[in-house]
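Protein chains: 4
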Amino acid sequence: MTEPDVASSDATNIECRIERDGDHYVINGTKWWSSGAGDPRCALYIVMGKTNPEAGRHEQQSMVLVPADTAGITVKRHLSVFGYDDAPHGHMEIELRNVRVPVENILLGEGRGFEIAQGRLGPGRIHHCMRSIGAAERALELMCQRAIARTAFGKTLAQQTVTQERIAEARCSIEQARLLTLKAAYMMDTVGNKVAKAEIAMIKIVAPSMALKVIDWAMQVYGGMGISQDTPLAYMWAGQRTLRFADGPDEVHRNSLAKLELARHMKLPTGGVDMPITRGS
Amino acid sequence: MTEPDVASSDATNIECRIERDGDHYVINGTKWWSSGAGDPRCALYIVMGKTNPEAGRHEQQSMVLVPADTAGITVKRHLSVFGYDDAPHGHMEIELRNVRVPVENILLGEGRGFEIAQGRLGPGRIHHCMRSIGAAERALELMCQRAIARTAFGKTLAQQTVTQERIAEARCSIEQARLLTLKAAYMMDTVGNKVAKAEIAMIKIVAPSMALKVIDWAMQVYGGMGISQDTPLAYMWAGQRTLRFADGPDEVHRNSLAKLELARHMKLPTGGVDMPITRGS
Amino acid sequence: MTEPDVASSDATNIECRIERDGDHYVINGTKWWSSGAGDPRCALYIVMGKTNPEAGRHEQQSMVLVPADTAGITVKRHLSVFGYDDAPHGHMEIELRNVRVPVENILLGEGRGFEIAQGRLGPGRIHHCMRSIGAAERALELMCQRAIARTAFGKTLAQQTVTQERIAEARCSIEQARLLTLKAAYMMDTVGNKVAKAEIAMIKIVAPSMALKVIDWAMQVYGGMGISQDTPLAYMWAGQRTLRFADGPDEVHRNSLAKLELARHMKLPTGGVDMPITRGS
Amino acid sequence: MTEPDVASSDATNIECRIERDGDHYVINGTKWWSSGAGDPRCALYIVMGKTNPEAGRHEQQSMVLVPADTAGITVKRHLSVFGYDDAPHGHMEIELRNVRVPVENILLGEGRGFEIAQGRLGPGRIHHCMRSIGAAERALELMCQRAIARTAFGKTLAQQTVTQERIAEARCSIEQARLLTLKAAYMMDTVGNKVAKAEIAMIKIVAPSMALKVIDWAMQVYGGMGISQDTPLAYMWAGQRTLRFADGPDEVHRNSLAKLELARHMKLPTGGVDMPITRGS
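Residue numbers (full-length UniProt numbering), protein chains in the order written: chain B, 1 to 281; chain P, 1 to 281; chain L, 1 to 281; chain V, 1 to 281.
Since the hints were derived computationally from the structure, they do not count as laboratory data.
Be careful, since some hints might not be right.
No copy is singled out in the list; a pair is fine if it fits within one copy or between any two copies.
[To be verified] Pairs of lysine to aspartate or glutamate, EDC-like flavour, derived with a Cα cap of 16 Å:
no.: 1; residue 1: LYS197; residue 2: GLU115
no.: 2; residue 1: LYS259; residue 2: GLU169
no.: 3; residue 1: LYS259; residue 2: GLU93
no.: 4; residue 1: LYS76; residue 2: GLU95
no.: 5; residue 1: LYS197; residue 2: GLU15
no.: 6; residue 1: LYS259; residue 2: ASP230
no.: 7; residue 1: LYS76; residue 2: ASP230
no.: 8; residue 1: LYS76; residue 2: GLU93
no.: 9; residue 1: LYS183; residue 2: GLU137
no.: 10; residue 1: LYS76; residue 2: ASP216
no.: 11; residue 1: LYS76; residue 2: ASP39
no.: 12; residue 1: LYS213; residue 2: GLU137
no.: 13; residue 1: LYS76; residue 2: GLU110
no.: 14; residue 1: LYS194; residue 2: ASP85
no.: 15; residue 1: LYS197; residue 2: ASP247
no.: 16; residue 1: LYS267; residue 2: GLU115
no.: 17; residue 1: LYS194; residue 2: GLU115
no.: 18; residue 1: LYS155; residue 2: GLU54
Take these sequences, add in the hints, and give me the full structure.
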């Protein structure tokens, strides 16, 4: 099994080539997790690849528009997400072999692919976080309803303190993630995505893991029903699980956030422990 | 949506009726999670239901053999596990309406269904735990291979201490679960399932959760590949997740185990804290 | 060892008796965790006890003012918090034997002790939560400084991804707890403590545990220095640990919060899973 | 505040100098966490320092015997462990200034200090792990006794499922740590400390954290009593907490263990995921 050109948090890992040939770009590469490409209505791809592998880390990539019916394109297969194929939308693996498009199909200009990708990351991330919070809220509601309705050994599950502990923890976690997301949104609106980068990283780290925890508890209260098609929980879980690496894995976001935090202390004397406290953001 | 006759850790929740009518039993009920019933080779069902709902908690149930082609049986649909349908094996929902079988089809005798079910639980559980350990071992292997092979930001993932932490924790967790399972197996072989009930409960609690943790870490190292069909990880995860409620949810096993632990202290004076330590098992 | 009259989250557990005898109240009981009573400047005690054990659950208790030099009072010993004696402040165990005070020393009136106690709980709790957040912030600062300054095996601890993970998690946890505390404070100011009871319960659950996690990570980065008197970390940890049961243990607050959450679903039909989502707060 | 010559998992961090001067060694340095040096009966120190800072990483250190009354020695102060001073035993900070001892006081030979230290680490570690398991066992016993004896809101704590969950988790964790420690001990006896190094690392990682978790739960069940001198819990907690960095912090042991695990996969082809499973140890 060989691994195709993955979406990677390290953009230099992208291997798709976009080479200029007169008035055209010639594209060669294999892309996977091309979500939506399974839908017959999908007529146009946005392809990111390297126009200049020798350039600086963030100037190597470009984005070009590629009509789905261009010669040289083969949709090879779909990828499943915990058994879900998400048809007809689909997550497709697509091979591009000597695919030619006019040079005017480039977006913004050569070497600006990373910049475009970066531009949408903040809004994209907060969009996902809002959905994570909604999913967690829905799971908590389902958990409460089931806990009230389900009796075992003479008591409802809602009367068990172990259930109550989880419901309380779920509510605390959801509220905290919601408030952090609202703060990030407010900052994006008022001081911009760049200043808000720590907050955007935080919600990207926090929201999907929080949602997974709550959904998992809800599934446990439902038992077999919880992992089947009879509740939305299993599908919600699978979707949230992908968000722990989509747009960069948790680990990369935690490293970035830590570096911002450490930078606040870099110019301070570090040997001692008695200096005045600098405030949290 | 109505919930059919679920496998419940509280056997009194079973609602399928098996009523004697002359030389036959007449069965009425709906069963779900009938695993394997999707396979065309499945010719015989073992059905558990209540022959005597008025009897003591553990004498209400009986098991009868029911040929799959008996009149009154409808296989209504399959249930999915996350997005997996497990075809052709399948987890089916089956309706039994006035299904008649000869009285000699009963297993062991009326009212002995719970006893039969109990008899297989110990061996069934340890079987699953051994498979959980195998799954975790496989996931750790895959995690290590990927961590060595995958480079991001100029280093392999294996060189990151965050990856090393997880690999070490995974190894510690697997070894501990393995040793506890071996102890339980040794006790089942030497002193019997009844004396080993605490140990059987322990591995039922420990092994699937341990496996889920390790598999989840491995998935995270693989990113998109880890949740697709390109590694066995996502399917392993879904399977292990079912084991946290199959044959009784974790919560029920933890309650049982706690009661065994508490019973050791029930006859002791409890006000003080200076009594001699009683030994762990 | 016998256990004196503990502060209990269940006020009916209080056993100190306050009995009227003409123009006086006669107090008998033993109180422990009387914080501050070790200080020689402490001249007046506020004592809570039962004036009417037969009254309703929340009308049994009263509070009376008792001068520290009243006959019948014996300060028996101090209680330590881990190894800290907090001298001269101190947490004292005090015996009251036939202690007589004039009836006008009662606060607010007989049977109103629980009401008084409740009245200060909201403000008292948020005060502690604000201090927990401050403690966590200080610990994170110390952790960063040490991680930058300390080298082992050729790298600073700050360069290790395992350290970065913790710094990022700490920042995410602190920010979320801070925002939730701000929300609770805002609600207390605008709609009152009663309406804010869910939010007050949430921060009581969240803030001390969050602080303990962050302080523990910071201690680990400091090693031996972190648990000694050379940093504030160990003392901060001990202080925060008491807050997981002071003013009611986490478990009681989680149960209360869960019941508020469950109540939102009690009047809804609970059998199904397709009802519209009710919004989170 | 300056940091003296700490015990570090990275032995090259040791800064104490031992220089030969004719028939004597001259020692200069400051040592802290010299446990037991507070006891008036402590007559002899074993001092580790560098005789040859230019030698290989593991040949720089030597150990020498130093009578406690040698000129140039100053016991400067004690270090506390979460407020405990452990008097008279004590954990002392000791300054050695031009302390002279005869050359025959060296242990084993110059440059063999690291080797001596290593030799005792395996036995020392398993000794501590056995004690951790004993501490956890004692805490679980105390937790059960208290849970049975303590009533709140009309039920004993032992009847709450949240308590039962913790008791069960505690028993599972203790049993697993015990079995892993027994395995490590068996290997040390039969194949030697070197072959058993992975197992020794595992128990060093597992046992103190397990004990801390169980003791913390027990403290929570006791409330104020649990952190005072009235139960052994708080002191046990403080002691176990030191073991998460004594003889090397958890993080260093996890890194070592991970490298052993990764090494098993280093010579295998790593690109694919379909290779046969290598067995766990």
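Now for the hints, and whether the structure bears them out:
1. Proximity of LYS197 and GLU115 under a CA criterion of 16 Å is satisfied intra-copy only: 15 Å inside one chain copy versus 46 Å between copies.
2. For a Cα distance limit of 16 Å, the shortest separation of LYS259 from GLU169 across copies, 12 Å, qualifies, whereas the shortest one inside one copy, 29 Å, does not.
3. Proximity of LYS259 to GLU93 under the C-alpha cut-off of 16 Å is found in neither arrangement, the shortest distances being 35 Å within a copy and 35 Å between copies.
4. Taking the shortest alpha-carbon separations for LYS76 and GLU95, only the intra-copy value of 7 Å comes in at or below 16 Å, while the best inter-copy value is 41 Å.
5. Taking the closest pair of Cα atoms, LYS197 and GLU15 never come within 16 Å of each other, the shortest separation being 27 Å inside a single copy and 42 Å across copies.
6. Taking the shortest Cα distances, LYS259 and ASP230 never come within 16 Å of each other, neither inside one copy (44 Å) nor across copies (26 Å).
7. In this assembly of identical chains, LYS76 and ASP230 lie within 16 Å of each other by CA distance solely across copies; the values are 14 Å between and 32 Å within a copy.
8. Taking CA atoms no more than 16 Å apart as the test, LYS76 paired with GLU93 passes inside one copy only; the shortest distance there is 6 Å, against 35 Å between copies.
9. When the C-alpha separation of LYS183 and GLU137 is checked against a cutoff of 16 Å, the pair qualifies neither within a copy, at 19 Å, nor between copies, at 19 Å.
10. Neither within a single protomer nor between protomers do LYS76 and ASP216 lie at most 16 Å apart by alpha-carbon distance, with minima of 34 Å and 28 Å respectively.
11. Taking CA atoms no more than 16 Å apart as the test, LYS76 paired with ASP39 passes inside one copy only; the shortest distance there is 14 Å, against 30 Å between copies.
12. Taking CA atoms no more than 16 Å apart as the test, LYS213 paired with GLU137 passes inside one copy only; the shortest distance there is 12 Å, against 24 Å between copies.
13. Taking the shortest Cα distances, LYS76 and GLU110 never come within 16 Å of each other, neither inside one copy (28 Å) nor across copies (57 Å).
14. Proximity of LYS194 to ASP85 under the C-alpha cut-off of 16 Å is found in neither arrangement, the shortest distances being 36 Å within a copy and 45 Å between copies.
15. For the homomeric pair LYS197 and ASP247, the shortest alpha-carbon distance inside one copy (14 Å) is at most 16 Å, but the shortest distance between copies (38 Å) is not.
16. In this homomeric assembly, LYS267 and GLU115 never come within 16 Å of each other (Cα to Cα): the closest approach is 30 Å inside a single copy and 40 Å across copies.
17. Within a single copy, LYS194 and GLU115 get their C-alpha atoms as close as 13 Å, which meets the 16 Å cut-off; across copies the closest is 50 Å, which misses it.
18. Within a single copy, LYS155 and GLU54 get their C-alpha atoms no closer than 68 Å, and across copies no closer than 20 Å, so neither meets the 16 Å cut-off.
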